[in-house]
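Asks: Sequence:
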Amino acid sequence: MTATTHSIFNGPIELGTRSSLILTALDKQFSLDDLVLLDYALLYSQDFGGPENLHPALPNHIAEIGHRREFLPESLAFFSKRGLISVNIEESGYYYSANQQTLHFVSCLKSEYYRKSWVRLGWLKNNYNDLLEQSFPKFNG
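Be aware that the sequence shown starts at 1123, since it is given in my numbering, and climbs by one per residue.
Simulated from the structure, these hints should not be mistaken for lab results.
Among the hints, a few may not be true.
Distance condition first, Cα-Cα at most 20 angstroms in a straight line; then the derived EDC-like pairs of lysine to aspartate or glutamate [stated by the list, open to error]:
id: 1; residue 1: Lys1150; residue 2: Asp1252
id: 2; residue 1: Lys1232; residue 2: Asp1169
id: 3; residue 1: Lys1247; residue 2: Asp1169
id: 4; residue 1: Lys1238; residue 2: Glu1196
id: 5; residue 1: Lys1238; residue 2: Glu1174
id: 6; residue 1: Lys1150; residue 2: Glu1255
id: 7; residue 1: Lys1203; residue 2: Asp1252
id: 8; residue 1: Lys1247; residue 2: Glu1174
id: 9; residue 1: Lys1150; residue 2: Glu1234
id: 10; residue 1: Lys1150; residue 2: Glu1213
id: 11; residue 1: Lys1238; residue 2: Glu1136
id: 12; residue 1: Lys1232; residue 2: Asp1156
id: 13; residue 1: Lys1238; residue 2: Asp1155
id: 14; residue 1: Lys1203; residue 2: Glu1186
id: 15; residue 1: Lys1232; residue 2: Glu1136
id: 16; residue 1: Lys1247; residue 2: Asp1155
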């Protein structure tokens, strides 16, 4: 993927914006890995038994998870430095959550894309525990 493509599709602003939506809708703190999966499930909800996909299901779209895992930290840092996402450092790692600024930011998003996102976010809110448990099992170590 070229730098130009990266800046247009799933770039730091787009990834950070969707993370802001997820954190606002679910009103919980999540790890980086959880946000990677939740963002993927938001876009490809039909693959998980949810509403129609927000993005077209291209062949091998599962590979997008690796892309998200690589670039989401940059997005979260960008948004947290601007106060749009809170970062909580705990013994077990970094956790991200919405704050008042996140709410103000996402309330400004009015496009059709974001209106469709809210439908899927409602589904995600009702199913995120199952999604995270099935996709990233927790190990007692």
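Asks: Is the hinted pair Lys1238 and Glu1196 satisfied, with a Cα-Cα distance of at most 20 angstroms?
Replies: Outside the cut-off at roughly 25 angstroms; violated.
Asks: Are the Cα positions of Lys1238 and Glu1174 separated by 20 angstroms at most?
Replies: Within the cut-off at roughly 10 angstroms; holds.
Asks: Is Lys1247 within 20 angstroms of Asp1155, Cα to Cα?
Replies: Given that 20 angstroms is the threshold and the Cα spacing comes to 17 angstroms, the pair holds.
Asks: Take a quick look at whether Lys1203 and Asp1252 sit within 20 angstroms of each other, Cα to Cα.
Replies: violated, 31 angstroms
Asks: For Lys1150 and Glu1255, compute the direct alpha-carbon distance and say whether it is at most 20 angstroms.
Replies: Since the Cα atoms of Lys1150 and Glu1255 sit roughly 16 angstroms apart, the hinted pair holds (cutoff 20 angstroms).
Asks: Between Lys1232 and Asp1156, is the straight-line Cα distance small enough, at 20 angstroms or below?
Replies: violated, 26 angstroms
Asks: For Lys1203 and Glu1186, compute the direct alpha-carbon distance and say whether it is at most 20 angstroms.
Replies: Given pair Lys1203, Glu1186 is violated - Cα atoms ~25 angstroms apart, limit 20 angstroms.
Asks: Would you mind confirming whether the straight-line C-alpha gap from Lys1150 to Asp1252 stays at or under 20 angstroms?
Replies: Cα-Cα ~15 angstroms, so holds.
Asks: Given the hint that Lys1150 pairs with Glu1213, test it: the Cα-Cα distance must not exceed 20 angstroms.
Replies: holds, 18 angstroms
Asks: Keeping to a limit of 20 angstroms between CA atoms, is the pair of Lys1247 and Asp1169 held or broken?
Replies: holds, 16 angstroms
Asks: Mind checking the alpha carbons of Lys1238 and Glu1136 for me, to see if they're no more than 20 angstroms apart?
Replies: The given pair, whose Cα atoms are some 15 angstroms apart, holds under the 20 angstroms limit.
Asks: With a cut-off of 20 angstroms on the C-alpha distance, tell me whether Lys1238 and Asp1155 pass.
Replies: violated, 24 angstroms
Comparing the model with each earlier hint shows violations of hints 2, 4, 7, 9, 12, 13, 14; every other hint is respected.
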